[in-house]
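Starting from the given sequences, assemble the full structure and let the hints guide the process.
Protein chains: 2
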Amino acid sequence: MGDTIAVEKISVDCKQHLRAINDTQDLLSGKWKVMIIGCLALGKKRYMELQRMVEGIGSKMLSKELQELEINGLITRTVQDTKPITVEYELTEYGRTLKPIIDAMALWGVQHRKKIITAK
Amino acid sequence: MGDTIAVEKISVDCKQHLRAINDTQDLLSGKWKVMIIGCLALGKKRYMELQRMVEGIGSKMLSKELQELEINGLITRTVQDTKPITVEYELTEYGRTLKPIIDAMALWGVQHRKKIITAK
DNA sequence: GGAAGTACTATCCTTTAAGAAAGTGCCAAT
DNA sequence: ATTGGCACTTTCTTAAAGGATAGTACTTCC
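Top line first, the protein sequences correspond to chains A and B.
Letter 45 of the first sequence, counting from 1, is numbered 38 in my numbering, and no numbers are missing.
Letter 41 of the second sequence, counting from 1, is numbered 34 in my numbering, and no numbers are missing.
Derived by calculation from the structure, the hints in this document are not laboratory data.
All of these numbers come straight from a predicted model, not from anything done at the bench.
Some clues are possibly wrong.
Put simply, identical chains are the same to the list, so a pair is met inside one copy or across any two.
PhoX-like, lysine-lysine: derived pairs with alpha carbons at most 20 Å apart [to be verified]:
| no. | residue 1 | residue 2 |
| --- | --- | --- |
| 1 | 107 | 8 |
| 2 | 57 | 37 |
| 3 | 76 | 24 |
| 4 | 113 | 24 |
| 5 | 57 | 113 |
| 6 | 37 | 92 |
| 7 | 24 | 53 |
| 8 | 76 | 53 |
| 9 | 57 | 108 |
| 10 | 8 | 24 |
| 11 | 113 | 53 |
| 12 | 8 | 37 |
| 13 | 8 | 108 |
This is the structure:
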């Protein structure tokens, strides 16, 4: 009896664990979001700066991903009234809470590349 | 002059940072891989166990994702010669190095859900 | 001998994501 | 007056991802 309850608890815990992973993945969905956040983690950036830094991204995708990140409260968009108007994107405090994930991904990626190269 | 070099160095660092993130994302691409790894992080699992735990996944997708994870050396597949044969999947040592990423994603997801619920 | 369980594979079809290319509106410098 | 930069949006098209369904091969239980 106690066993059954224990097994069920583990199974419930697992479901919640997987759901949590899924939730996070949903917010970071798309080919570019994690890279954009990785970019903004280094400081605020203008639209054109982002497009130049994130190699290969087109303006459609950049706009779309930025909009979704803004909707989810991860970044802010502020229009500067400079000569030609410029727009600055910046991580919100909430967006900065993603840093452990981004850092872990960047670190793993670096080590993976090392591993692949030395394995050749 | 020194400034130019410094700026270039930062820009190169950033490119490598983004490339690393991209590499990691590539290996974890697809709707289910991160969840499968999150599942296997709790211990080795059989095919059917995985399919029951990862809600919504079909057999085609499960096979496909498992094959890709195996090709990349993140999991092992071992056939047990039990009465009806069963197959066990397990994280490799290398696969286990992804744990910091998975854990960070699970933690963030849990906190995000709390935030969303209390905000209502 | 049929049902049921395990571990898949194969086929087909739909949906989604993503890219390319062009265009918009605004301003500033030449 | 026109070129060029900034920050986008729109449209069209293609490629990839994912799901539903059915089927295979083997075995054991009733």
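Numbers of the earlier hints that this structure fails to satisfy, in rising order: 3, 4, 5, 8, 9 and 11
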